[in-house]
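Heads up: the protein sequence lines correspond to chains A and B, in order.
Under our numbering, think of the first position of the first sequence as 1, with each following residue one higher.
Under our numbering, think of the first position of the second sequence as 1, with each following residue one higher.
Hints are computed from structural coordinates only; laboratory data are not their basis.
Treat each hint with caution, since some may be false.
Sample of chain B residues at the chain A side, in silico, Cβ under 10 Å [stated by the list, open to error]:
(1) Asn153
(2) Gly162
(3) Asp164
Even for Gly, the Cβ is constructed at its ideal location relative to N, Cα and C.
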Amino acid sequence: MKVMTVLRIVFLYLLAVLVATLLGSLVQTQFNLAALQALDVPVDASTRLHSSLHDLRFFSPFLALMVAACLLLALPLAEALGRIFKPWRWLLYFLAGFVGIWAACALANYLLPMPTFIAATRETPGLLSLMAAVGLGSALFGRLTKPKARRGLRVLG
Amino acid sequence: MNKFALLGTSLVLCAGAATAADYQVETLADGLSSPWSLAFLPDGGMLVTERSGQLRLIDVAGQLRAEPVAGVPEAFVNGQSGLMEVALAPDFAESGELFLSYSCGTREANHTCLAAATFNGETLENAHEIFRVQPAKKGSAHYGGRIAFLPDNTLLLTLGDGFDYREQAQNTANHLGSIVRLNRDGSAPEDNPFVGQADAMPELYSIGHRNVQGILVDDAGRVFSHEHGPRGGDEINLIEAGKNYGWPKITYGIDYNGSQISPYTELPGLEQPLVYWDPSIAPSGMTLYQGELFPEWQGSLLVSALAGKEVRRVELNGDTAGEQESLFTELGQRFRDVRTGPDGAVYLLTDSPSGQLLRVVPAN
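This is chain A alone, in the form it adopts within the complex (with noise of 0.2 Å):
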């Protein structure tokens, strides 16, 4: 495999972590923020920026860490498998980060001392959402990692 291919897979799967994250993190602040809002606190539109940039800057590592190591379990996989289904590829990819960040929260919280590790993990929705969040990370490291179609006449296949 020529380097510049190597580089490439490689800033891709960069690119599909801090989407992943992004996403992820946004999903952390607005269910919190919901939680909060179904207490009577007010949360306006300013409030609800400076508490995500706040998720952005402090929690977006963390979960960061978290989401580059189920990718890079969870991109071969999902690599390998594309490769015998085509037509599913797209969605294989995004179960890849989907299924991949439910691992790793469940692992979180067998090994660390607290529950849950994440707080919008603690209902279904907030899971759902956030393993969504990274599914759509791992799915577009698909979609951009896709081989082109062959243009020509197809003798066999």
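Once you have looked at the hints, place chain B on chain A.
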């Protein structure tokens, strides 16, 4: 193996320039299984709880009895759960009555529970549950568990939010994240602040707490408590009936993963702490020092700390907190509890699977 200090165990002399008092530390007992709480018996003995579920007796001769005290209710032991506080009734000398807090249930459904029993000098008799937190929660974190008695002979039991249920600390329809006030039979006093409010639990005394593991009532009847906050949000509060202490609507801390818990540190109708600690020290027990052995510490709160590996002395100036001082840091121990003994010495329990009971006296 357990030893008594005067029989030749370790003696640590501490005369650090950073402390206002010179003291020495004696080891009264070791090999305790995660000791949690200490009570002084009228005859000079002591009772010590072990989180793993045993109540241990140190007799008047200072000897730790090999066999645990029989008759203790079975506790659910896991994570932070287990047997917690032992508290003697104010009339213990006549009644022999004591109270035990502990976690009960299973990993999937458990509670903070409170039992009353009679201690006959050797065993517990008639131990029976008088209160359990409702509803059941999953997981084994944030139980609270400290007990204090008010001048009117009712008792306060501190509770936790169960960690994953933090918003419930604002819900008066359950006990999570509150301090409850009970009669000695476990019933709710009729003059409790939430009695008569629709859907509110009648036992509630104050709400909006995270995990309260220190409480005391001073001679003036003031109630001081401290609670574990998240990262950077440990607090000391002056508790008043019916007040809301804010968790998780307001907090000075953030979540362990760095995420924000609340954008606010103050909101109308929510009480402010006397003290908050950032970084956290993980306060685990508290005494108001009123002994005569350490005049420099008179009237100060002594707060044992787990993560801080210290006892934090907090001076009180009326209803406000003053200067602070870190004590016993040279021991390098996580401290689970701190008490003032009848002799004026400071007693410490270290937090360890092989914990110690320490006694601090003046160096001279």
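Query - Structure versus earlier hints, numbers of those that do not hold, lowest first - result: As far as the earlier hints go, only 1 is violated by this structure.
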